[in-house]
Amino acid sequence: AQSVTQLGSHVSVSEGALVLLRCNYSSSVPPYLFWYVQYPNQGLQLLLKYTSAATLVKGINGFEAEFKKSETSFHLTKPSAHMSDAAEYFCAVGISGNTPLVFGKGTRLSVIA
Amino acid sequence: EAGVAQSPRYKIIEKRQSVAFWCNPISGHATLYWYQQILGQGPKLLIQFQNNGVVDDSQLPKDRFSAERLKGVDSTLKIQPAKLEDSAVYLCASSSQGGPNIQYFGAGTRLSVL
Numbered sequence: 001a002q003s004v005t006q007l008g009s010h011v012s013v014s015e016g017a018l019v020l021l022r023c024n025y026s027s028s029v030p031p032y033l034f035w036y037v038q039y040p041n042q043g044l045q046l047l048l049k050y051t052s053a054a055t056l057v058k059g060i061n062g063f064e065a066e067f068k069k070s071e072t073s074f075h076l077t078k079p080s081a082h083m084s085d086a087a088e089y090f091c092a093v094g095i096s097g098n099t100p101l102v103f104g105k106g107t108r109l110s111v112i113a
Numbered sequence: 114e115a116g117v118a119q120s121p122r123y124k125i126i127e128k129r130q131s132v133a134f135w136c137n138p139i140s141g142h143a144t145l146y147w148y149q150q151i152l153g154q155g156p157k158l159l160i161q162f163q164n165n166g167v168v169d170d171s172q173l174p175k176d177r178f179s180a181e182r183l184k185g186v187d188s189t190l191k192i193q194p195a196k197l198e199d200s201a202v203y204l205c206a207s208s209s210q211g212g213p214n215i216q217y218f219g220a221g222t223r224l225s226v227l
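Line order of the protein sequences matches chains F and U.
Reminder that position 112 of the first sequence reads as 112 in the working numbering, one-by-one numbering, no gaps.
Reminder that position 85 of the second sequence reads as 198 in the working numbering, one-by-one numbering, no gaps.
Calculated from the structure, these hints are not laboratory results.
Be aware that one or more of the hints could be misleading.
Claimed, not checked - Below, simulated EDC-like cross-link-like pairs (lysine to aspartate or glutamate); rule was C-alpha separation at most 20 Å, straight line:
1. U:157 - F:88
2. F:105 - U:199
3. F:105 - U:198
4. U:191 - U:169
5. F:68 - F:85
6. U:157 - U:169
7. F:105 - F:88
8. U:157 - U:127
9. U:128 - U:187
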């Protein structure tokens with residue numbers, strides 16, 4: 001079985017500051033890992049994915065994440081926060097095939113001008 | 114390509130009433146998922162279809178929830194009768210066969226049960 005823990009339900013950063021959203025996973029088999037973003041009253045949009053290729057994954061809007069097997073982590077970063085980054089971010093784990101994703105509880109990112 | 118379409122976007126009903134949600138997945142996607150997202154939580158799977166067959170409905174409250182996917186395309190999720198705790202966003206997602214399991218989500222239906 002898989003599980004995801006997102007540390008911090010709410011993260012607040014200043015505009016231009018580093019964004020770091022933490023995600024730890026548990027999986028009995030090699031995982032696929034995802035970050036999704038959800039803007040108010042919208043569905044989930046894929047930011048980036050790790051599918052057993054390069055451990056440093058680059059996504060849309062300047063975000064990237066690094067898969068660290070030894071730490072069972074997949075933290076999301078962005079060097080410089082923008083006001084438009086304010087949203088809810090979800091980390092999810094899956095395995096090969098079309099199995100359902102298991103999501104964390106989400107982290108709400110606020111960006112302060 | 115068109116994304117996952119869901120309707121309605123919002124629905125308000127009273128407890129014990131019935132409600133239905135509709136989803137049209139991305140064309141050609143064989144796998145369709147319904148997730149329930151309660152406020153402040155991540156989405157949780159309700160049911161998964163592969164073409165028009167059910168793959169996983171272990172977390173679907175079958176005494177009140179039902180879902181179907183006729184002809185392996187559109188899907189409908191129904192709640193009857195609704196309870197207060199069913200207030201949530203219902204998300205539909207689809208993915209193509211095989212590969213790294215990238216799921217594409219619709220905008221969701223926000224249900225309020227009063």
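May I ask which of the numbered hints given earlier this structure violates, with the numbers listed in increasing order?
-> 5, 8, 9
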